[in-house]
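1 is the number of the first residue of the sequence shown in the numbering used here; add one for each residue after it.
Derived from the structure by calculation, the hints contain no laboratory data.
Every residue, glycine too, gets a C-beta built ideally from N, C-alpha and C.
Mixed in with the good hints, there may be bad ones.
[Said to hold, decoys possible] Simulated restraints, written as ranges between beta carbons of each label pair:
id : residue 1 : residue 2 : range
1  : I8        : E94       : 18 to 28 Å
2  : L7        : S46       : 30 to 40 Å
3  : V14       : L138      : 35 to 45 Å
4  : M73       : V13       : 42 to 52 Å
5  : R215      : V30       : 39 to 49 Å
6  : F54       : Q11       : 39 to 49 Å
7  : A4        : S96       : 28 to 38 Å
8  : I8        : S53       : 39 to 49 Å
9  : M134      : S104      : 25 to 35 Å
10 : V13       : F157      : 30 to 40 Å
11 : D158      : V14       : 17 to 27 Å
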Amino acid sequence: MPLAGFLIIFQAVVFRKPLGDLKSLFLGIVLSVFGLFLFLKGASISLIPLGSSFGRSIVALDNVLLIIVIAFMLGFLATLVEPALTSTSLEIEEVSTGTIPSASITYSAAVGFGLGMALGVFKIVSGTSIKTIMVPFLVAMTVLVILSSKEMVGIAFDVAAATTGPVNIPITVAISIGLSSVIQGSDPLLNGFGLVGFAFMGAAMSILFLGTVMRFF
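Please model the complete structure; the sequences and the hints are all you need to start from.
As structure tokens, this is what we get:
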């Protein structure tokens, strides 16, 4: 509501532009507010507890490789239904007049998010220091920024931000904390956070890699 009010005031008072169909405008605002409220309520009573329970239970598999594969699949599938990513991908396709298909952006980001999530889960399970993984990650990202096409650099980080939306964040954080809370010797405060960062970087690197392929091939 505050955001909508801010935009309406600027549109009407500062820019002195017509607001268009007021009935549709306010109906859309009301639906957005109630929709977001219902989603957040649903996430708090279902997705977050389910993700936390999943994170605590997955350790029982006692197979690091299988846990990592499951983490990848979960991140990949959750990203495909992330509404923010869908709208961003469609916007990119429209602005690029179809030269960058929305499907290529969506699936590349989903693969990258899944890989980042798998790497983050590996860090939690193995007890590896975050610095040990993050430094090579950042070096690789820097190389891809240099190699990728200029337009894809900005797109990569916007798309990565879009992957960390209302679907992915509750599930990812809940799984991360749930997983780290049952691993012997693991501190949930120390190891339970950072998974979203890995997933974000994975998505960004995946789009940068796509930009590199499009540039040279």
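Hint check:
{"no.": "1", "hint": "I8 to E94: 18 to 28 Å", "verdict": "holds, 25 Å"}
{"no.": "2", "hint": "L7 to S46: 30 to 40 Å", "verdict": "holds, 32 Å"}
{"no.": "3", "hint": "V14 to L138: 35 to 45 Å", "verdict": "holds, 40 Å"}
{"no.": "4", "hint": "M73 to V13: 42 to 52 Å", "verdict": "holds, 50 Å"}
{"no.": "5", "hint": "R215 to V30: 39 to 49 Å", "verdict": "holds, 45 Å"}
{"no.": "6", "hint": "F54 to Q11: 39 to 49 Å", "verdict": "holds, 44 Å"}
{"no.": "7", "hint": "A4 to S96: 28 to 38 Å", "verdict": "holds, 29 Å"}
{"no.": "8", "hint": "I8 to S53: 39 to 49 Å", "verdict": "holds, 42 Å"}
{"no.": "9", "hint": "M134 to S104: 25 to 35 Å", "verdict": "holds, 27 Å"}
{"no.": "10", "hint": "V13 to F157: 30 to 40 Å", "verdict": "holds, 33 Å"}
{"no.": "11", "hint": "D158 to V14: 17 to 27 Å", "verdict": "holds, 26 Å"}
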